[in-house]
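**Student:** One letter stands for each residue in the lines below.
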Amino acid sequence: MTGSLFTLPRWLHPAAWWVWALGLAAAASRTTNPLLLSLIIAVAALVVSARKPDAPWGRSFIFFLRLGVAVIVIRVGVQLIFGAAFGTTVLLQLPGVTFPSWLAGVRLGGDITFESVLLAFYDGLRLATILICVGAANSLASPSRLLKSVPAALYEFGVSVVVAMTFTPQLVADVDRVRTARRLRGRPTKGVRAIAGAAMPVFEGALEKSVTLAAAMDSRGYGRRGEISAARRRMNSLLLLTGLVAACIGTYALIAAGSPAALGLPMLLVGVSVCITSITWSARTAVRTRYRPDPWALPENLVAGAGVLVALSFLGANWVAMPGLDTPSNPPTWPALPLLPLLGLLIATTPALTAPTLPRTIIGKLPRIEVPA
Amino acid sequence: MINFECVSITYPGATEPVLTEVNLQIPEGELVLVVGRTGSGKTTLLRAINGLVPHFTGGTLTGRILVDGRDTATNPPRELADLVGVVPQDPMSGFVADTVEEELAYGMECLGLAPDVMRRRVEETLDLLGLVDLRNRPLLSLSAGQRQRVAIGSVLTSHPKVLVLDEPTSALDPGAAEDVLAALQRLVHDLNVTVVMAEHRLERVVQYADRIVIVPGDGEPIISGTPSEMMGNSPIAPPVVELGRLAGWQPLPLTVRDARRAAGPLRELLTGHAAPLRIIKGARDATPLIVTDKLTVRYGAVVALKNVSTTITRGEIVALMGRNGAGKSTLLSTMVGLRLASAGVVRTNGKDPREIKGPELVHSVGLVPQDPGDLLEASTVAGECRSSDHDANVELGTTRALLALLAPEVMDGTHPRDLSEGQRLLLALAIVLAARPPLLLLDEPTRGLDYPTKARLVKVLRELAVTGHGIVLATHDVELAAEVATRVIVLAEGEVVADGPTHEVVLASPMFAPQVAKILAPEDWLTVSEVRAAMIEQVG
Numbered sequence: 001m002t003g004s005l006f007t008l009p010r011w012l013h014p015a016a017w018w019v020w021a022l023g024l025a026a027a028a029s030r031t032t033n034p035l036l037l038s039l040i041i042a043v044a045a046l047v048v049s050a051r052k053p054d055a056p057w058g059r060s061f062i063f064f065l066r067l068g069v070a071v072i073v074i075r076v077g078v079q080l081i082f083g084a085a086f087g088t089t090v091l092l093q094l095p096g097v098t099f100p101s102w103l104a105g106v107r108l109g110g111d112i113t114f115e116s117v118l119l120a121f122y123d124g125l126r127l128a129t130i131l132i133c134v135g136a137a138n139s140l141a142s143p144s145r146l147l148k149s150v151p152a153a154l155y156e157f158g159v160s161v162v163v164a165m166t167f168t169p170q171l172v173a174d175v176d177r178v179r180t181a182r183r184l185r186g187r188p189t190k191g192v193r194a195i196a197g198a199a200m201p202v203f204e205g206a207l208e209k210s211v212t213l214a215a216a217m218d219s220r221g222y223g224r225r226g227e228i229s230a231a232r233r234r235m236n237s238l239l240l241l242t243g244l245v246a247a248c249i250g251t252y253a254l255i256a257a258g259s260p261a262a263l264g265l266p267m268l269l270v271g272v273s274v275c276i277t278s279i280t281w282s283a284r285t286a287v288r289t290r291y292r293p294d295p296w297a298l299p300e301n302l303v304a305g306a307g308v309l310v311a312l313s314f315l316g317a318n319w320v321a322m323p324g325l326d327t328p329s330n331p332p333t334w335p336a337l338p339l340l341p342l343l344g345l346l347i348a349t350t351p352a353l354t355a356p357t358l359p360r361t362i363i364g365k366l367p368r369i370e371v372p373a
Numbered sequence: 001m002i003n004f005e006c007v008s009i010t011y012p013g014a015t016e017p018v019l020t021e022v023n024l025q026i027p028e029g030e031l032v033l034v035v036g037r038t039g040s041g042k043t044t045l046l047r048a049i050n051g052l053v054p055h056f057t058g059g060t061l062t063g064r065i066l067v068d069g070r071d072t073a074t075n076p077p078r079e080l081a082d083l084v085g086v087v088p089q090d091p092m093s094g095f096v097a098d099t100v101e102e103e104l105a106y107g108m109e110c111l112g113l114a115p116d117v118m119r120r121r122v123e124e125t126l127d128l129l130g131l132v133d134l135r136n137r138p139l140l141s142l143s144a145g146q147r148q149r150v151a152i153g154s155v156l157t158s159h160p161k162v163l164v165l166d167e168p169t170s171a172l173d174p175g176a177a178e179d180v181l182a183a184l185q186r187l188v189h190d191l192n193v194t195v196v197m198a199e200h201r202l203e204r205v206v207q208y209a210d211r212i213v214i215v216p217g218d219g220e221p222i223i224s225g226t227p228s229e230m231m232g233n234s235p236i237a238p239p240v241v242e243l244g245r246l247a248g249w250q251p252l253p254l255t256v257r258d259a260r261r262a263a264g265p266l267r268e269l270l271t272g273h274a275a276p277l278r279i280i281k282g283a284r285d286a287t288p289l290i291v292t293d294k295l296t297v298r299y300g301a302v303v304a305l306k307n308v309s310t311t312i313t314r315g316e317i318v319a320l321m322g323r324n325g326a327g328k329s330t331l332l333s334t335m336v337g338l339r340l341a342s343a344g345v346v347r348t349n350g351k352d353p354r355e356i357k358g359p360e361l362v363h364s365v366g367l368v369p370q371d372p373g374d375l376l377e378a379s380t381v382a383g384e385c386r387s388s389d390h391d392a393n394v395e396l397g398t399t400r401a402l403l404a405l406l407a408p409e410v411m412d413g414t415h416p417r418d419l420s421e422g423q424r425l426l427l428a429l430a431i432v433l434a435a436r437p438p439l440l441l442l443d444e445p446t447r448g449l450d451y452p453t454k455a456r457l458v459k460v461l462r463e464l465a466v467t468g469h470g471i472v473l474a475t476h477d478v479e480l481a482a483e484v485a486t487r488v489i490v491l492a493e494g495e496v497v498a499d500g501p502t503h504e505v506v507l508a509s510p511m512f513a514p515q516v517a518k519i520l521a522p523e524d525w526l527t528v529s530e531v532r533a534a535m536i537e538q539v540g
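Going down the list, the protein sequences come from chains A and B.
Just so you know, the numbering used here puts 123 at position 123 of the first sequence, and the rest follows in order with no gaps.
Just so you know, the numbering used here puts 342 at position 342 of the second sequence, and the rest follows in order with no gaps.
Hint data in this document are derived by calculation from the structure and do not stem from the laboratory.
Keep in mind that the hints are not guaranteed to be accurate.
[As the list claims (entries may be wrong)] Chain A side only, calculated, beta carbon under 8 angstroms to chain B, not exhaustive:
id, residue
1, Ser142
2, Thr180
3, Thr212
Backbone N, C-alpha and C define an ideal beta-carbon position, used for all residues, glycine too.
Make the full structure from the sequences, and use the hints.
**Tutor:** If you want it as structure tokens, here you go:
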């Protein structure tokens, strides 16, 4: 296949990637079937390998894969040590500790059964899959491009989030530098004391960098207010804050049983509408403009649509209680492959083709990555 | 364009003002060079132009600063963003976006320019600074010179009338520095931008300046004038000016070209005199301190060093030169065992430096890293010295005594972060030297150093070589290499492309030749002091 069927090479709107990835994640949350979960991971990996940019954030998928493995290992490990055993297939007999009756639910050691390990594995795999879906969005969509689509009123909040995100790799580089320095001074580079000794310079460095960045942003016009008065600005923030608090109370009242009915939905609605008013208000007075905003066109609809459809297929299967979404672990049975979710997953692979290819300069040339000394 | 009217600035907690009663008028379209010792208040002067001082840093400002008629007292930096563009010392620290094109547009987005205007200006700026090929590249993947150009471009898109730069070339190799300066020159000539720039490396910039402002520090009044006036009696001057003064050329040349045209008689005078051979007397013997054989280092797909075979002996001062990213830092860090060789060997005293651990390492090889502050972690100078004695397993007070020799003015109670760039370097040097490592490695030691500190460093390095140390310094500073090195190794793309005595290597390359060599070619003289010695001999 040469190029894309739908557009010239360009960046896909980051929100489309997020909708697609969250759709996959929502699908994953509805099943414990290891076959379906593995297929979801495979779909995410396929699309990432087809449309991942060669940029620093593009490499985060591997990190999320590793994180997923760690999650499974931890979940199974916790089950081995603390989990209540059930089922009949005993894999291993460990000496157990018997707690007094008032600690009845807690267990340490004891028999390990295949069924309980399997259940823990399914559970861990589900969480890992959700994380990997988020990782896919992370590596496909640049965080700062996503920021561009944030409403103007929330822009400043968004900038702080992005700056915080870029500091993470910076922090890793700093830790590396400090460890280097410790070796140069003939000190141990491993162990608790080394970490404690390195923490201070790393944090000092991070703080110093953020102050420099703040100065640079200030001198480039960040936070210019144009004609808007200070009183109006304060009024706006107050409005936004009130709205958010009201929305939170409303949501809580809706979920928590036993709270007065008047507090639930009406409160939520009032909160949301106050927020929207405040955002549109400040959007009208904000001086900021956007440089080459990403368009939302057919490819975006197709990618986001694929995400919505895969989520719907799993939710639908769940709704009609289609067999195969949950794989029973007691007694262990071979997982089935239900048709509807499979169809949904097939649709979820389409972004590998329907998303536009990336601009040539990024994928054509391998950028020279400066290696920290 | 810029008017300082009786300006004094005092930082919070300080008893003395940093700048006292500054009166300065900078007309439109001038390129102004601000020089002065580290800590003299240069950066404060620059940052006052867009109101970062005192709006961002705190402190009190008396008097008035007007930029294009706008008072900085009532306009915070963000409101002056359309008028003054500021490029910070480390461009990477000021980047907000993640690709070149977005970074160029960021300032305009803040100003609220129309999308079509933004698009046009980005394209123009990409062309103006030669960044077209880099437009979609992530900023993290750029070289130091490219980053500097992007940083300049990112403030230019807002069409500021004033551009302020803090040491724009200090981290750059000679080639990249020339690119950046050429771009600035073009702005001044074609767009009538007023440029105010601080720079220590006078030899690189003095020929471009229309006016020089000297900030002497210590409450002395600042002086400003045309470059030839100011260079006539300035205590700090680039080699071309020093040579001109020595030879008594009138008018004093500021460029190599002018000096060359005046240098005919001097060249004749010096014919038949050979420049002295650079050998550190007494200490030199052939004991190898470190040997590398076919050394190859790679980072993933990037080959940082390729088949590097070299030997460093006692009493040698080796300058390691080459572009940004040529592998200089990698070679130094491999020599202290921070990097794993993919192929080939490194041996110091018959051992692989990676195998040497803890105090034993500091007793055999010492490295002063590019940012000497990395080595420092205590909260006082005295504490730093004590922990250094402890690390190196030497008698208490060794480091402090060394520091007193290197930088007598440094006080015990000072926080290392409050030291000047140069003092921090000397403190790091004292820490490394406390263990008396026979092999001393320095990565970019003169970045951000003023001339007096540089002169002190040169003296220290020579003395160390005489006492039998072997020294390797990675540097972009051709004048430093010409001054102090006995041997030069040039790296390109990880390979050794030249290795030999300073005279041979440096004279053969237009990029690495010092100013004196360019002026007096084909005679092989490298420094003003060599010429001075020969002239004294001639007369006497």
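**Student:** Hints numbered earlier in the text: which of these fail when held up against the supplied structure?
**Tutor:** Checked against the structure, no hint fails, so every one of them is satisfied.
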